[in-house]
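Asks: Using the sequences and the accompanying hints, generate a full structural model.
2 protein chains.
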Amino acid sequence: MYDLVIIGGGPAGLSAGIYAIRYGLDVIVLEKNEISGQIALTEIVENYPGFKSINGMELMEKFKEHAQDAGVTIQSSEVLNVKNEGKIKIVSTDSGELEAKSVIIATGASPQHLGIPGEEELIGKGVSYCATCDGPFFTNLNVIVVGGGDSAITDALILSKIVKTVSIVHRRDSLRAVKIMQERAFSAKNIEFFWDTVIEKIIGSETVEKVVLKNLKTDEVKEMKIDGVFIYVGIQPNTYFVDIDKNKSGFIITNARMETSAEGIYAAGDCRETSLRQVVTAASDGAMAALSAYEYVTGVWSGT
Amino acid sequence: MYDLVIIGGGPAGLSAGIYAIRYGLDVIVLEKNEISGQIALTEIVENYPGFKSINGMELMEKFKEHAQDAGVTIQSSEVLNVKNEGKIKIVSTDSGELEAKSVIIATGASPQHLGIPGEEELIGKGVSYCATCDGPFFTNLNVIVVGGGDSAITDALILSKIVKTVSIVHRRDSLRAVKIMQERAFSAKNIEFFWDTVIEKIIGSETVEKVVLKNLKTDEVKEMKIDGVFIYVGIQPNTYFVDIDKNKSGFIITNARMETSAEGIYAAGDCRETSLRQVVTAASDGAMAALSAYEYVTGVWSGT
Chain A
437 MYDLVIIGGG
447 PAGLSAGIYA
457 IRYGLDVIVL
467 EKNEISGQIA
477 LTEIVENYPG
487 FKSINGMELM
497 EKFKEHAQDA
507 GVTIQSSEVL
517 NVKNEGKIKI
527 VSTDSGELEA
537 KSVIIATGAS
547 PQHLGIPGEE
557 ELIGKGVSYC
567 ATCDGPFFTN
577 LNVIVVGGGD
587 SAITDALILS
597 KIVKTVSIVH
607 RRDSLRAVKI
617 MQERAFSAKN
627 IEFFWDTVIE
637 KIIGSETVEK
647 VVLKNLKTDE
657 VKEMKIDGVF
667 IYVGIQPNTY
677 FVDIDKNKSG
687 FIITNARMET
697 SAEGIYAAGD
707 CRETSLRQVV
717 TAASDGAMAA
727 LSAYEYVTGV
737 WSGT
Chain B
437 MYDLVIIGGG
447 PAGLSAGIYA
457 IRYGLDVIVL
467 EKNEISGQIA
477 LTEIVENYPG
487 FKSINGMELM
497 EKFKEHAQDA
507 GVTIQSSEVL
517 NVKNEGKIKI
527 VSTDSGELEA
537 KSVIIATGAS
547 PQHLGIPGEE
557 ELIGKGVSYC
567 ATCDGPFFTN
577 LNVIVVGGGD
587 SAITDALILS
597 KIVKTVSIVH
607 RRDSLRAVKI
617 MQERAFSAKN
627 IEFFWDTVIE
637 KIIGSETVEK
647 VVLKNLKTDE
657 VKEMKIDGVF
667 IYVGIQPNTY
677 FVDIDKNKSG
687 FIITNARMET
697 SAEGIYAAGD
707 CRETSLRQVV
717 TAASDGAMAA
727 LSAYEYVTGV
737 WSGT
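If you read the protein sequences in the order shown, they are chains A and B.
When the first sequence is numbered by this note's numbering, its final residue is 740 and no position is left out of the sequence of numbers.
When the second sequence is numbered by this note's numbering, its final residue is 740 and no position is left out of the sequence of numbers.
Among the hints, a few may not be true.
The list cannot tell twin chains apart, which means a pair is met if one copy fits it or any two copies do.
Dumping the calculated DSSO-like pairs for lysine-lysine here, alpha-carbon to alpha-carbon at most 30 angstroms [as the list claims (entries may be wrong)]:
no., residue 1, residue 2
1, Lys523, Lys615
2, Lys615, Lys537
3, Lys615, Lys519
4, Lys625, Lys682
5, Lys537, Lys488
6, Lys625, Lys537
7, Lys658, Lys597
8, Lys537, Lys646
9, Lys615, Lys498
10, Lys637, Lys650
By construction, these hints were calculated from the structure, which means they are not laboratory data.
Quick caveat: nothing in here was measured; it's all calculated off a predicted structure.
Replies: This is the structure:
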């Protein structure tokens, strides 16, 4: 019986682990991948305070090393189900069952799909959700980036250095990305913009060949030849395996102490309902969730 | 007229600065000291994820360099007053007035005093609130540490390596510090504990000579010869200069977006009401406050 099982080994989960060990809890982190966190797929992180500029994978390796050196055990398992039986939580994984007094869910979120014809069939054949992962396959080719937020523009900039042209297709008439990224995108020579536009269909037999674009203001529909489509239209939380209160998008609802609707179960990072999803906010959530788990498990008041 | 004035250059303020610049805001950080944050007075930080073990001052230098490289201006000023005139906030400093559309208060907190006879008179003459700052003056001498929380035990351990003996005087019969620190303290050879005990008086002419101790359970009162008294009985927020909703201890009340009771004024870090005060939580608060200020100033929705 663990004091605490942490599900997910991204910034939130590893930070929770570091804090849990300091609180003296018997803790384990379950993570299905080698290195986790959406951030590990990010080329350059410039906004985790203390590191001016660092590769996402490298930052996560530092987190992992920090956690392991502090004494956190990280086990490679995929969690299938969490059952809340009051004082005992049963965590079912692909490698067996664990019992815990408390659980922190830090499973992050995954890229949302557009849900249009051709998308699922052509994933890995020209359709991608990660420029850092797949950009190099499109050297000197022409690609579309769908979206106008931080992820879309960040990855459009990464792609612009590899591919021939980047066409940003955005359903609105302005970007939502932070100013500094917008400015970089507007001044890039090989980035062009399709405003008020959506993709209706992705077409290709072996690989992506063309897309059908629709202008939402004029209703004009046209085909466009393209080699790749990178999609950044939001994220969906990885929270299907647990039955607790979530918002309509599936993000777990917590209070400021990361407490969920189930006593002894906490949520931290991208998988919870919050207005900002960053490495630093996830790490902070993890610390806070570990404190709450510690207080719950030991009954010791440790606040100030 | 600035888009945003950030008051305080500790982890919360500098993180807010880094984020504000990325959001394209015209921002300035006001800080009265060269390097700020209570953390800069901390010998070793082992719980800011990504840095296994780093000196507090060094960590803050990294934050400062990160902020400055990102383009944040840090001005040396002490803020005397913040006046909320609706759309305009007037920030009065010892070097003049600034106008801002929004303000983030990140002024942290300072050590609380015991409020007993002899304390104020003997500050700097044996009474201290910071082992890292003053510990070396007590080499091979005998000192008392007052308190049982993280700060008390962390600093007791630091002192134990410098002084002859450390006597931890704590008003309860158990420590509140995290488990790992408790274990280190219990196994230190030159640390002893006075449980259920308070200091009633500090006595000394030039420097601290003795204290009067009282056992709260037996009511026994006794004098004890001592060379120094290090006090860790909590913190008080530096929030006197602004008239917004605070709790009874003076900590600013915010919601999860760091919004205070005054529109356009945000609070982040140790100065706000929260259950955990760490570098990582302060940095996260700063990022969140910058987002809220950005949304307020530009009217642009940037959430997910």
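Asks: Each hint should be assessed against the structure and marked as holding or not.
Replies: Hints versus structure:
no. : hint            : in the structure
1   : Lys523 - Lys615 : between (48 angstroms within a copy, 22 angstroms between copies)
2   : Lys615 - Lys537 : between (45 angstroms within a copy, 18 angstroms between copies)
3   : Lys615 - Lys519 : between (44 angstroms within a copy, 29 angstroms between copies)
4   : Lys625 - Lys682 : neither (43 angstroms within a copy, 51 angstroms between copies)
5   : Lys537 - Lys488 : between (39 angstroms within a copy, 28 angstroms between copies)
6   : Lys625 - Lys537 : neither (56 angstroms within a copy, 34 angstroms between copies)
7   : Lys658 - Lys597 : within (27 angstroms within a copy, 75 angstroms between copies)
8   : Lys537 - Lys646 : neither (53 angstroms within a copy, 47 angstroms between copies)
9   : Lys615 - Lys498 : both (29 angstroms within a copy, 24 angstroms between copies)
10  : Lys637 - Lys650 : within (10 angstroms within a copy, 79 angstroms between copies)
The structure fails to meet hints 4, 6, 8 from the earlier list, while all remaining hints are met.
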